[in-house]
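Sequences and hints are given; from them, build the entire structure.
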Amino acid sequence: MEKRLIKKDALTGIIGKIAQEAVVFAPVKVEDNVLFKALEKGEEPFLTYANSKNAPKNHFFPRSEVMLRYTRTAKGVEFAGGQKEAEATVLFGVRPCDARSFVLLDLLFDQEKYKDPYYIDKRQKATIVALACVHPPYATCFCTSVDGHPLSADGADVLLTDLGEEFLAEFVTPKGEKLLKYFGDVKADAAAEAKKEAVAEQAAKEIKSHIPAREVKPIMDANFDSPFWNTIHQKCIACGTCTYLCPTCHCFDITDEMKRDDGRRLRNWDSCMYPMFTKETSGHNPRPTQRERWRQRAMHKFSYYPENFNAIACVGCGRCVMYCPVNLDIRKIVTDISKL
Amino acid sequence: MARRKFATLKSFLDYIGIEGDRTIFTWVSASEGERFANVIKGVTAKVQALGPATKLVKEL
Amino acid sequence: MENIEKKLREEAKRLLEEKRVDALVGFEAGTLPLTATPCFITSPEEADRLVWNAFCSQNLAKYVHDLISQHHNSQKRVKPEDRKKKVVGVVARGCTTRSIVLHLQERQYGRDEVTIIGVPCEGYVDRKALTAALDGADIREGSLTGDRLDILTAEGKKEIPLQDVLADNCRTCRFNNPIIHDVMIGEPAPAMPGAVQEYAEVEEFEKLSTEERWRYFTKEMSKCIRCYACRQACPSCYCPTCFVEQTQPQWVGLGEDATDTQVFQLMRLFHMVGRCVDCGSCVSVCPMGVDLRKFLKKLDKDVFDFFGNRAGVSLDDPPPLSTFKEDDKEDFIYNP
Numbered sequence: 001m002e003k004r005l006i007k008k009d010a011l012t013g014i015i016g017k018i019a020q021e022a023v024v025f026a027p028v029k030v031e032d033n034v035l036f037k038a039l040e041k042g043e044e045p046f047l048t049y050a051n052s053k054n055a056p057k058n059h060f061f062p063r064s065e066v067m068l069r070y071t072r073t074a075k076g077v078e079f080a081g082g083q084k085e086a087e088a089t090v091l092f093g094v095r096p097c098d099a100r101s102f103v104l105l106d107l108l109f110d111q112e113k114y115k116d117p118y119y120i121d122k123r124q125k126a127t128i129v130a131l132a133c134v135h136p137p138y139a140t141c142f143c144t145s146v147d148g149h150p151l152s153a154d155g156a157d158v159l160l161t162d163l164g165e166e167f168l169a170e171f172v173t174p175k176g177e178k179l180l181k182y183f184g185d186v187k188a189d190a191a192a193e194a195k196k197e198a199v200a201e202q203a204a205k206e207i208k209s210h211i212p213a214r215e216v217k218p219i220m221d222a223n224f225d226s227p228f229w230n231t232i233h234q235k236c237i238a239c240g241t242c243t244y245l246c247p248t249c250h251c252f253d254i255t256d257e258m259k260r261d262d263g264r265r266l267r268n269w270d271s272c273m274y275p276m277f278t279k280e281t282s283g284h285n286p287r288p289t290q291r292e293r294w295r296q297r298a299m300h301k302f303s304y305y306p307e308n309f310n311a312i313a314c315v316g317c318g319r320c321v322m323y324c325p326v327n328l329d330i331r332k333i334v335t336d337i338s339k340l
Numbered sequence: 001m002a003r004r005k006f007a008t009l010k011s012f013l014d015y016i017g018i019e020g021d022r023t024i025f026t027w028v029s030a031s032e033g034e035r036f037a038n039v040i041k042g043v044t045a046k047v048q049a050l051g052p053a054t055k056l057v058k059e060l
Numbered sequence: 001m002e003n004i005e006k007k008l009r010e011e012a013k014r015l016l017e018e019k020r021v022d023a024l025v026g027f028e029a030g031t032l033p034l035t036a037t038p039c040f041i042t043s044p045e046e047a048d049r050l051v052w053n054a055f056c057s058q059n060l061a062k063y064v065h066d067l068i069s070q071h072h073n074s075q076k077r078v079k080p081e082d083r084k085k086k087v088v089g090v091v092a093r094g095c096t097t098r099s100i101v102l103h104l105q106e107r108q109y110g111r112d113e114v115t116i117i118g119v120p121c122e123g124y125v126d127r128k129a130l131t132a133a134l135d136g137a138d139i140r141e142g143s144l145t146g147d148r149l150d151i152l153t154a155e156g157k158k159e160i161p162l163q164d165v166l167a168d169n170c171r172t173c174r175f176n177n178p179i180i181h182d183v184m185i186g187e188p189a190p191a192m193p194g195a196v197q198e199y200a201e202v203e204e205f206e207k208l209s210t211e212e213r214w215r216y217f218t219k220e221m222s223k224c225i226r227c228y229a230c231r232q233a234c235p236s237c238y239c240p241t242c243f244v245e246q247t248q249p250q251w252v253g254l255g256e257d258a259t260d261t262q263v264f265q266l267m268r269l270f271h272m273v274g275r276c277v278d279c280g281s282c283v284s285v286c287p288m289g290v291d292l293r294k295f296l297k298k299l300d301k302d303v304f305d306f307f308g309n310r311a312g313v314s315l316d317d318p319p320p321l322s323t324f325k326e327d328d329k330e331d332f333i334y335n336p
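Chains as they are written, first to last, in the working numbering: chain B, 1 to 340; chain P, 1 to 60; chain S, 1 to 336.
It is worth saying that the hints were derived from the structure and are not from the lab. These numbers come from a predicted model, not from an experiment. Hints may be right or wrong, so weigh each one.
To be verified - Derived, one-sided and incomplete: chain S residues facing chain P with beta-carbon distance under 8 Å:
{"hint": "1", "residue": "GLU206"}
{"hint": "2", "residue": "ASP328"}
{"hint": "3", "residue": "LYS329"}
What the hints assert, rightly or not - EDC-like cross-link-like pairs, simulated, lysine to aspartate or glutamate; straight-line CA separation at most 16 Å:
{"hint": "4", "chain 1": "S", "residue 1": "LYS13", "chain 2": "S", "residue 2": "ASP182"}
{"hint": "5", "chain 1": "B", "residue 1": "LYS175", "chain 2": "B", "residue 2": "GLU2"}
{"hint": "6", "chain 1": "S", "residue 1": "LYS19", "chain 2": "S", "residue 2": "GLU113"}
{"hint": "7", "chain 1": "P", "residue 1": "LYS58", "chain 2": "B", "residue 2": "ASP262"}
{"hint": "8", "chain 1": "B", "residue 1": "LYS217", "chain 2": "B", "residue 2": "GLU307"}
{"hint": "9", "chain 1": "S", "residue 1": "LYS223", "chain 2": "B", "residue 2": "ASP32"}
{"hint": "10", "chain 1": "S", "residue 1": "LYS128", "chain 2": "B", "residue 2": "GLU31"}
{"hint": "11", "chain 1": "P", "residue 1": "LYS5", "chain 2": "S", "residue 2": "ASP327"}
{"hint": "12", "chain 1": "P", "residue 1": "LYS58", "chain 2": "B", "residue 2": "ASP256"}
{"hint": "13", "chain 1": "S", "residue 1": "LYS7", "chain 2": "S", "residue 2": "GLU46"}
{"hint": "14", "chain 1": "S", "residue 1": "LYS157", "chain 2": "S", "residue 2": "GLU141"}
{"hint": "15", "chain 1": "B", "residue 1": "LYS122", "chain 2": "B", "residue 2": "GLU65"}
{"hint": "16", "chain 1": "B", "residue 1": "LYS279", "chain 2": "S", "residue 2": "GLU245"}
{"hint": "17", "chain 1": "P", "residue 1": "LYS5", "chain 2": "S", "residue 2": "ASP328"}
{"hint": "18", "chain 1": "P", "residue 1": "LYS5", "chain 2": "S", "residue 2": "GLU245"}
{"hint": "19", "chain 1": "B", "residue 1": "LYS332", "chain 2": "S", "residue 2": "GLU28"}
{"hint": "20", "chain 1": "S", "residue 1": "LYS207", "chain 2": "P", "residue 2": "GLU19"}
{"hint": "21", "chain 1": "S", "residue 1": "LYS6", "chain 2": "S", "residue 2": "ASP48"}
{"hint": "22", "chain 1": "P", "residue 1": "LYS58", "chain 2": "S", "residue 2": "GLU256"}
{"hint": "23", "chain 1": "P", "residue 1": "LYS10", "chain 2": "S", "residue 2": "GLU206"}
{"hint": "24", "chain 1": "B", "residue 1": "LYS259", "chain 2": "S", "residue 2": "ASP257"}
{"hint": "25", "chain 1": "S", "residue 1": "LYS13", "chain 2": "S", "residue 2": "GLU46"}
{"hint": "26", "chain 1": "S", "residue 1": "LYS219", "chain 2": "S", "residue 2": "ASP291"}
{"hint": "27", "chain 1": "S", "residue 1": "LYS19", "chain 2": "S", "residue 2": "ASP182"}
{"hint": "28", "chain 1": "P", "residue 1": "LYS5", "chain 2": "S", "residue 2": "GLU330"}
{"hint": "29", "chain 1": "P", "residue 1": "LYS10", "chain 2": "S", "residue 2": "ASP305"}
{"hint": "30", "chain 1": "P", "residue 1": "LYS55", "chain 2": "P", "residue 2": "ASP14"}
{"hint": "31", "chain 1": "B", "residue 1": "LYS259", "chain 2": "P", "residue 2": "GLU59"}
{"hint": "32", "chain 1": "P", "residue 1": "LYS5", "chain 2": "S", "residue 2": "GLU326"}
{"hint": "33", "chain 1": "S", "residue 1": "LYS223", "chain 2": "B", "residue 2": "GLU31"}
{"hint": "34", "chain 1": "B", "residue 1": "LYS175", "chain 2": "B", "residue 2": "ASP154"}
{"hint": "35", "chain 1": "P", "residue 1": "LYS55", "chain 2": "S", "residue 2": "ASP257"}
{"hint": "36", "chain 1": "P", "residue 1": "LYS10", "chain 2": "S", "residue 2": "GLU330"}
{"hint": "37", "chain 1": "P", "residue 1": "LYS10", "chain 2": "P", "residue 2": "ASP21"}
{"hint": "38", "chain 1": "P", "residue 1": "LYS10", "chain 2": "S", "residue 2": "ASP328"}
{"hint": "39", "chain 1": "B", "residue 1": "LYS3", "chain 2": "B", "residue 2": "ASP162"}
Beta carbons are placed, not taken as given, at the ideal position from N, Cα and C, and that holds for glycine.
Right under this line is the structure:
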């Protein structure tokens, strides 16, 4: 693996250079929000961010995307492709938890049997430059409980670690190595690597929030009808904040829109928290109340995904914990379930 | 009650930035043919002066 | 505050013991520092979970409506003589009781189905304002002493005056004491000094040009991610099926189209004419910080200016859009 050291103040310049050749997505401060978005010309990323409010998954799996377009003509319906082919992009400053979310989403969107061309096209053309959490930014971070680590390179093509005076850049994948040219030629020495190891150990220690995520699957499976589910959802207001900010939530709905003779088919985010999510044409709803919806969300992440893909569908970023309007804390739910 | 709803609707649309002349309300009785024609003439003139609506218009 | 909390727990315990309420909605401590979260208690022993402090932000009337309408639905197929009555208790500040008054005016449930534990209120903390005051730093620990917040963040200690981070709707609140109650805890709170300027922000905005106002509206709406937290948190948004979810016809697209989001917000906002009690719940739950209040407060102002009505302040008032007076405003009517 190639490793480089760069001066800290060189980073903005490097991003600027990359931005001349590829679309760069990075955290940007927009009013009071830090958002992960495409840098506009001359726009500089916000580098002292904790993490972005929206998850970088938006780039591969946007809130809404056109799948196809069609026109009604006298001869019948004519179809056209929906999406332009994706451009080469660099996602800069992805936190290790969010970078891991791409690995988890790949399991679903890029399976041997089922391949999602919309996701895969954008995913293949993107290079992920992750920025390690030398000091995990939030008290709600729990990545180490869900197979992550604040310095994990899972899902990243390049991992940057702040070593105090300089950044250590590790080029984890061949895709990442294509960015080598931007990072100068100071190779990292053994001292830098030792320093990184010390930083990694310290960073993991700073994570104070731990949940028994790996142990709950059998307990959840055995307690599908437990009265436990009767009360936890009570305060849930059934909004989609948790699912829309989650880096691993990936449920969608497909709708058609028409204006006169032109139509398009859209794929939009959907949320298991919404009553409409499972409502059938007949009017029947197999998940009639928030109880079933909450059980679904918890079990999808900690039981069904492990069953299907051998991975927990949570990266421990803490967004749903921080931004839930009613403080319905998934950490508490998982911890409480483990005690059943 | 309709009068109350329109009073607030017109004021609110104007407040968010939809030109006031696009929200027009009046009473016309079925027997007031001439008045109806005048209203329509007036409304069309106002809207024509504003040009095509671009706000809240969805393009696919 | 501790005194109020103590009395609140005693009252809640008593109401549950005497079976005067079947369920009680209040607040308990949250899992994050300086937060409180809605809780539902059904037995007297649980009453000690209740808290009342400046972090109780939600309008609990939303849950009162939910619980009672769920109960009504469950009784629909029960023979009239076998129907059970359910009484929901609620810890309510001024705005919460205004929402309950509104529900009663709109015939959502009977006065005897809700027991109101009134609490005085001097405003709650706007979490987003607090985060902004800390420059985005993560709150590790925190406490409120008198009017001072002591906060420990990753970057160090910081003191913040409570007044600086109160929600905008609280600063200008006219009704910080319960409008109606069955039990009142503590003495009424003093009036909020900002109440006289409650429409100042709206008046400033009205002075802008049409295009400036449109730019602001579209900018704010572009932040919206359509999670519907605003609608879900709102006690006045209780339609069984929201127009956004209707499919025949479909009123508004579900995608990312800017006009769809604008139309969703515009229609939801306009459904609040004479029905917004300015509790700030929609603003406080919005994950993206959309300035909804700028628009809601205008509706409130117009209804007061035009019809002299304030939402949910009197059980005797009919809802302003279901009534009229002969001399109602008509200068907006076009007369060629």
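May I ask which of the numbered hints given earlier this structure violates, with the numbers listed in increasing order? 18
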